[in-house]
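All chains, please: the whole structure from these sequences, using the hints.
Residue strings, one per chain:
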Amino acid sequence: MSLGSIFLLALLEGLVSASVLALTASGLSLVFGIMRVVNVAHGEFFMLGAVIAWFVSHWVGGPPAVAFVLALGVAPLVVGGIAALADTLVLKRLNYEPEATIVATIGLLYILQQGALSLFGPNALPVPAPFDLRLQLIGFGYSGYKLAVIAAAVVILLSLWLILTHTRIGLVMRATQIDRNTARAFGINVDRVYAMVFAMGAGLAAIAAVLIVPIQQAHYLMGADPLLLSFSVVIIGGLGSLRGTVVAALLIGMVDQVIPIFLPVVLPDYGAYFTPTLAKILATLVVALVLVFRPQGLFGKRHA
Amino acid sequence: MRDMKAFFLHLAVLAALLAALPLLSAYHVTNVAKIMVLAVYAMGYNIAFGYTGLLSLGHALFFAAGLYAAGMGISQFGLGSAGALVAGPVAGGLIAAAVGLLALRTAGVAFMIVTLMFAQAGYLTVLYFVRYTRGDEGIVLDRAARMLGGVDLSGDTPRYLLAFALFAVALLVNLALVRSPFGRVMIAMRENEARSRMLGYNPYTVKLTALVVSGVYAGAAGAAYAVLFGYVGASLASVQYSILPLLYVLLGGAGTVLGPLLGALLMFYLIDYASSATSAYQFIVGAVLVVLVLFAPKGILGTLRERGLRWLP
Amino acid sequence: MAAVILEARGLTRHFGGLKAVDRVDFDLAAGEIHALIGPNGAGKTTFVSLLSGRIEAGAGRILFEGRDITRLPAHARVRRGIAYTFQITQIYAALSVYDNVALAAQSHGSHPLKPAAMEALDRVGLTDRAGQIAGTLSYGHQRLLEVAMGLALKPRLLILDEPTQGLSQGEIEVFNGIVQSVVPAATVLLIEHNMDVVMELAQRITVLNFGEVLATGTPAEIRANPAVQAAYLGA
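Residue numbers (numbering that gives the first Met the number 0), protein chains in the order written: chain A, 0 to 303; chain B, 0 to 312; chain C, 0 to 234.
These are computed hints drawn from the structure, not numbers from a lab. Remember, it's a predicted structure, so these values are computed and weren't measured experimentally. Some hints could be false.
Computed Cβ-Cβ distance ranges for the label pairs, DEER-style [as the list claims (entries may be wrong)]:
id, chain 1, residue 1, chain 2, residue 2, range
1, B, Asp-135, C, Leu-17, 52 to 62 Å
2, B, Ser-179, C, Pro-72, 41 to 51 Å
3, B, Gly-79, A, Lys-91, 50 to 60 Å
4, A, Pro-127, B, Leu-22, 52 to 62 Å
5, B, Asp-135, A, Pro-127, 23 to 33 Å
6, A, Ile-260, B, Gln-75, 33 to 43 Å
A short, non-exhaustive set of chain B residues, derived as facing chain C with CB atoms under 10 Å [said to hold, decoys possible]:
id, residue
7, Arg-133
8, Val-184
9, Ile-186
10, Ser-195
11, Met-197
Where a beta carbon is used, it is the ideal one built from N, C-alpha and C, also for glycine.
In structure tokens, the structure reads:
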């Protein structure tokens with residue numbers, strides 16, 4: 000394969016992972032932006048989405064495409080329902096006090112993870128892709144499904160943006176974000192808005208998981224990586240900013256995929272040392288330092 | 000008078016732990032020894048979280064610093080058990096100082112995430128240097144290396160006694176610390192940072208000091224874990240081990256000296272019992288966390304203190 | 000005039016377009032009781048926050064006992080002897096009254112601690128409440144505790160931000176006695192709305208208006224000042 004082909008391949012792989020990450024992280028960002036809640040269980044909502052996709056594809060016969068489309072609808076609804084329940088039963092009662100909320104979502108993480116393990120077992124669960132298409136690109140064949148993932152993510156993120164900026168629901172959500180007491184005074188049912196936002200955030204993670212699961216398989220421990228990556232994205236992009244989130248997801252998703260593919264080509268001698276683990280260590284430290292020295296994110300503006 | 004009452008209560012708890020040794024079966028001797036080591040870890044966590052108000056999600060890093068300083072000190076650098084038990088708290092304190100210097104520039108939720116990230120980087124570092132740490136598989140210290148003054152620490156009774164000695168020292172130091180003027184300042188920082196600054200206290204140095212003390216405790220517990228139980232593995236550096244002391248402290252009562260022991264004891268046996276009955280022990284951990292923050296955010300001893308036992312330190 | 004303990008030159012702080020404090024020159028004589036008055040929003044609290052270091056100055060400088068403290072953080076200024084009591088009571092509600100005062104006394108380095116703390120409580124008349132949880136005190140007693148914390152710091156300069164707000168007449172008389180006992184060993188800067196208190200306590204008064212010094216002088220001079228009258232009547 001030529002260097003150009005390798006580069007294109009790395010770019011495409013980076014875009015796929017960036018798209019899924021952008022969806023997942025925008026869910027986390029939405030919840031943080033509007034509710035000021037740091038949801039540590041976000042990765043488990045992602046995992047649940049994937050497991051539900053497997054469940055649907057396993058129990059619904061017929062062509063994979065039917066089950067997949069069904070999963071794309073069912074997974075976010077079920078996961079969103081669980082999230083809304085968790086919000087109403089737990090987070091609301093804590094009055095969204097930041098530290099108590101984080102502890103509670105840690106508890107939720109354990110409960111959901113154990114629930115998935117108990118119901119679906121410890122094995123990786125494969126889900127067939129809705130269609131099987133290989134596109135011949137310059138020098139290599141590439142999965143048409145992966146390109147569809149990118150397209151789907153773009154469509155969903157655009158819809159999300161339209162909902163937030165051009166609909167009544169979006170207006171209500173933004174009003175609640177600015178001042179929940181004033182919003183309440185104007186007759187907005189803040190409790191319902193919060194439950195809906197929390198459900199939407201979880202639903203976005205679930206959709207992202209359904210999209211990725213034909214590539215990655217479902218597993219009860221799969222939530223940890225998307226959680227940490229989403230944290231990183233939201234921190235780098237500026238807490239609560241959707242645009243920053245998408246930009247940061249592109250950056251991190253690309254770096255995440257391009258470096259492991261490219262580095263052995265560019266620096267063959269260092270391949271043994273520069274492993275994905277080292278890359279993760281450095282990335283984690285960078286994110287922590289961004290939060291220490293630039294809490295508004297790399298793209299955000301400092302608030303007064 | 001109040002001070003004496005509290006002092007005697009703590010002495011009585013220590014006496015009970017010592018008196019329990021001949022009464023317990025070998026299985027429970029091992030368990031309680033482990034609980035005492037974990038309680039030291041939780042006591043350290045409590046100094047940061049319960050007394051100073053620093054909610055860290057990265058204490059596994061300090062525990063692991065002590066664990067690996069002791070474990071690798073023994074396996075790679077020929078350190079004796081005594082040396083390992085000194086190296087642990089030193090390593091825990093140093094790492095806590097390094098983390099604190101940076102992380103304490105933030106507060107609240109950002110502090111939680113920064114500490115979580117640093118601990119994650121530490122965990123990954125253990126995995127990266129798999130040639131020396133043996134990663135997930137871990138280092139198993141052989142019995143010959145776990146001798147102290149001619150006593151084999153892998154035996155049930157010596158192990159229990161050393162864990163007890165460490166716990167007793169940690170408990171009494173903890174008691175003295177929270178009764179000291181500095182202990183009062185730690186609590187003041189938790190209660191109202193802005194006010195404390197206007198009384199002349201530098202929040203940064205107070206919190207950094209508390210975090211270092213906390214790290215020394217965690218490091219000592221990690222070293223004791225390595226020496227007493229002979230296993231040093233990456234899972235002990237994972238995020239679960241950052242959540243564990245939080246769980247113990249919340250259950251027993253944040254900001255109480257005996258809370259960490261009570262929380263560790265109850266939680267350990269709850270999980271022990273649950274995992275014999277079902278495989279779903281994680282469910283218990285999650286449920287306990289949620290129930291505690293919802294219904295008993297002050298934990299057992301914190302609630303008792305509110306309901307009349309005001310002298311409880 | 001006695002030696003100057005604190006001087007501010009060109010002290011400025013703007014919030015966006017609002018000139019909260021604008022090029023203020025200000026001298027405080029050692030051992031005096033100096034009142035700071037002015038209509039609401041005149042910049043009084045911002046001004047003393049600049050002196051105590053709770054807010055950073057935009058421009059200008061502050062000398063305390065001859066040394067430049069403009070860039071010193073708040074806690075370091077407290078260690079130099081500038082104590083500040085909050086306008087909105089900021090005691091440690093969950094701690095005992097004794098612990099509240101002890102925190103102040105030990106910050107000053109008082110040794111032994113207990114007599115120093117008890118002395119401060121004694122001066123405000125809260126001795127027999129030492130064991131009580133501070134949050135359960137009446138409002139007036141909380142204000143007095145706040146003052147006791149200021150006293151326990153053994154400050155060179157005590158800044159009191161509206162200390163008599165919400166106090167009963169009897170409590171105000173106790174309070175006046177306390178403030179008078181502080182000088183001339185230390186200096187007092189007092190923000191106060193209650194003109195009776197100001198006229199009884201202050202040796203000198205500075206009037207702020209729109210972030211600027213309108214007038215400085217003795218109570219009699221201030222009372223006779225037409226600009227001050229205009230500002231108050233206009234406000």
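Each hint, compared with the structure:
1. Between Asp-135 of chain B and Leu-17 of chain C the C-beta distance comes to about 59 Å, which sits within the given range of 52 to 62 Å.
2. Our hint of 41 to 51 Å for Ser-179 of chain B and Pro-72 of chain C is violated, since their Cβ atoms are close to 25 Å apart.
3. Our hint of 50 to 60 Å for Gly-79 of chain B and Lys-91 of chain A holds, since their Cβ atoms are close to 55 Å apart.
4. Restraint check, Pro-127 of chain A to Leu-22 of chain B: a C-beta distance of roughly 60 Å satisfies the suggested window 52 to 62 Å.
5. Hint check: Asp-135 of chain B to Pro-127 of chain A, Cβ distance near 32 Å, so the stated range 23 to 33 Å holds.
6. At roughly 35 Å, the beta carbons of Ile-260 of chain A and Gln-75 of chain B sit within the given window of 33 to 43 Å.
7. The beta carbon of Arg-133 of chain B comes no nearer than 47 Å to any beta carbon in chain C, farther than 10 Å, and the hint placing it at the interface is violated.
8. With its C-beta approaching chain C no nearer than about 7 Å, Val-184 of chain B sits inside the 10 Å limit, and its interface hint holds.
9. Hint on Ile-186 of chain B holds. Least Cβ distance to chain C is approximately 7 Å, under the 10 Å limit.
10. Interface hint status for Ser-195 of chain B: upheld, as the beta-carbon distance to the closest one in chain C is roughly 7 Å, under 10 Å.
11. Satisfaction of the interface hint for Met-197 of chain B is found here, the shortest Cβ-Cβ separation to chain C being roughly 5 Å, below the 10 Å cut-off.
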